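These protein sequence lines map, in sequence, to chains A and B. Heads up, the first sequence is in the working numbering, so the first residue is 1 and it goes up one at a time. Heads up, the second sequence is in the working numbering, so the first residue is 236 and it goes up one at a time.
Think of the hints as simulated: they come from the structure by calculation, not from any bench. Bear in mind that the values here come from a model prediction, so they are computed numbers and not experimental data. Some hints here could point you the wrong way.
[As the list claims (entries may be wrong)] Calculated pairs, DSS-like style, for lysine-lysine (alpha carbon to alpha carbon, straight line, at most 25 Å):
| # | chain 1 | residue 1 | chain 2 | residue 2 |
| --- | --- | --- | --- | --- |
| 1 | A | K57 | A | K110 |
| 2 | A | K110 | B | K250 |
| 3 | A | K107 | B | K250 |
| 4 | A | K15 | A | K57 |
| 5 | B | K314 | B | K279 |
| 6 | B | K250 | B | K262 |
| 7 | B | K314 | B | K262 |
| 8 | A | K57 | B | K279 |
| 9 | A | K110 | B | K262 |
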Amino acid sequence: MIPTPDLSHLSNDDKLHIYDPAGQLHLTIRCRSTTDIPTEDTFLLLDSLEKDVQQLKAQRPLICLEIGSGSGCVSAFLGSILGPTNALYLCTDINQRASACTFATGKKNKVPLDPVTCDLSKPLLTRLRHCVDIILFNPPYVPTDHEESFHAQDSTGIAGSWAGGLDGMEVTNRFLDDVGDLLSDCGKFYLVALAQNNIPEICQRMRKKFNMNSRIALQRQAGREHLSIICFSRS
Amino acid sequence: MVRLITHNLLACHAKGCTTNNFPLLLKDVQIELREQEFNHDFIKNILPRLEWRALVRQLGDTSLPLEQPEMTDDEFLQKLHHVLLEIHVVEGVMICPNCKHSYPISNGIPNMLLAEHEIG
C-alpha cells in the first residue's frame, strides 16, 4: 500500500475549517496510517488511484486538476504516484483556508501543488479546453435540502464540503457540464458518489451528453453509506 | 504560491466578460524564488499548452524571447523552467484587462471567487 500523504502539519483549527464533523458523521472514520484525518471517501479515492496506478502512469498525464482539494491529500497522493515533476497538479477549492492547506500539504509531501480559490474550475475553462488528463472530484454529495446546500456553497465555509442539495447532486451537476469541456481525449475523470446520488443516471447522462464511458473503479460500504468511485473517459 | 504556469491558465470569468479576459495583469506583486527540479520532458510537453505572449515579460523578467522560438534546446528549456515553475507570486493582484475586475493573491493563493451579482 502506497502511504497516505503526511497531514501532520495541519492544525486542529485547520481540520475544523476543512472537515466538518457533522459531515463525517455520515461516514465511518478509519485511519489508513498513523497520521490522522482523511475520511472514508478520501481513502476510497486514494485506493482507486493506487489500484489504477499502472494505467495512470502509462497515460503520461501532463495536467491534473482536483476540484475541492480540501487538505490537498488526494492531489499530493496523485503527485507522489505519478512523479512530483511529471505533471502540473492544479487544485481548486471555494474555501481559501483549504487552498492554503492544500499548498502546505504539497510542500510537506514534496509534491508541488498549485491551488486556486474559486468555484469549481471557472477561471480555467477557457485555457484548459480538452487539456486536462486527470480530473479528481470528491464533491459535497450528501443529500440535503436545496437551501442548505445553496447557503453552504455561498458561505464557502465548512458545510460546503458536504452539503449536496437535491439527491446530493447540485454541485456535482454543475461540474459535470464542465467536465465535457475540460477532459482531454485520453483523460480520466474520477468522481466520488453515493448510491443516493443515482449513479446509473449520472453514467447515462455522461454517455448521452458527452459520449463518455464509465466504470466503477472501486466501491465500498462505509457505515450506512455505499460509496463508489466512478471513472469516466471519452469514447 | 501562484506560479507563472498557473497564471498562464487563469482567465476572468466575471459576468459578461468573455473577450480580452486573458491574461490577467499582475500588479503590486511580491515574488519569491523557489527552486524546483528540472524535468526536461515536462517542460517540452507543456510548451504547446502555453500562451507565449501571456507568459513573457509578465514580471519584467527578460530571460525569454518575445516570440516563441522554433528551436528548443536545453538552455532554452532551462530558462523556461525557471520562469514557469520557480517564480512564485506571494502577494499581489490580478486585473482583468477587459472588465478591470481585481482578483487578489494573498499568501500565494489567488482568490478568484466572485460575488453573486458578478457571476456569469
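Now for the hints, and whether the structure bears them out:
1. Taken as a hint, the A:K57 and A:K110 pair is honoured in the structure, with Cα atoms around 19 Å apart against an allowance of 25 Å.
2. In summary, the hint linking A:K110 to B:K250 is not supported, as the alpha carbons are separated by about 38 Å, beyond the 25 Å threshold.
3. Between A:K107 and B:K250, the direct Cα distance comes to roughly 35 Å. Violation of the 25 Å bound is thereby established for this hinted pair.
4. Between A:K15 and A:K57 the CA atoms are separated by roughly 31 Å; this puts the pair beyond 25 Å, and the hint is violated.
5. Of the supplied pair hints, the one linking B:K314 and B:K279 holds, its CA atoms being roughly 12 Å apart against a limit of 25 Å.
6. Distance restraint check for B:K250 and B:K262: the Cα-Cα separation of roughly 22 Å lies within the 25 Å cut-off, and the hinted pair is therefore satisfied.
7. Of the pairs offered as hints, the one joining B:K314 and B:K262 holds, with about 23 Å between alpha carbons and a cut-off of 25 Å not exceeded.
8. Proposed proximity of A:K57 and B:K279 is supported: the alpha carbons are some 18 Å apart, at most 25 Å.
9. The straight-line distance between the Cα atoms of A:K110 and B:K262 is roughly 29 Å, outside the 25 Å bound, and the hint therefore fails.
When each numbered hint is compared with the structure, violations occur for hints 2, 3, 4 and 9.
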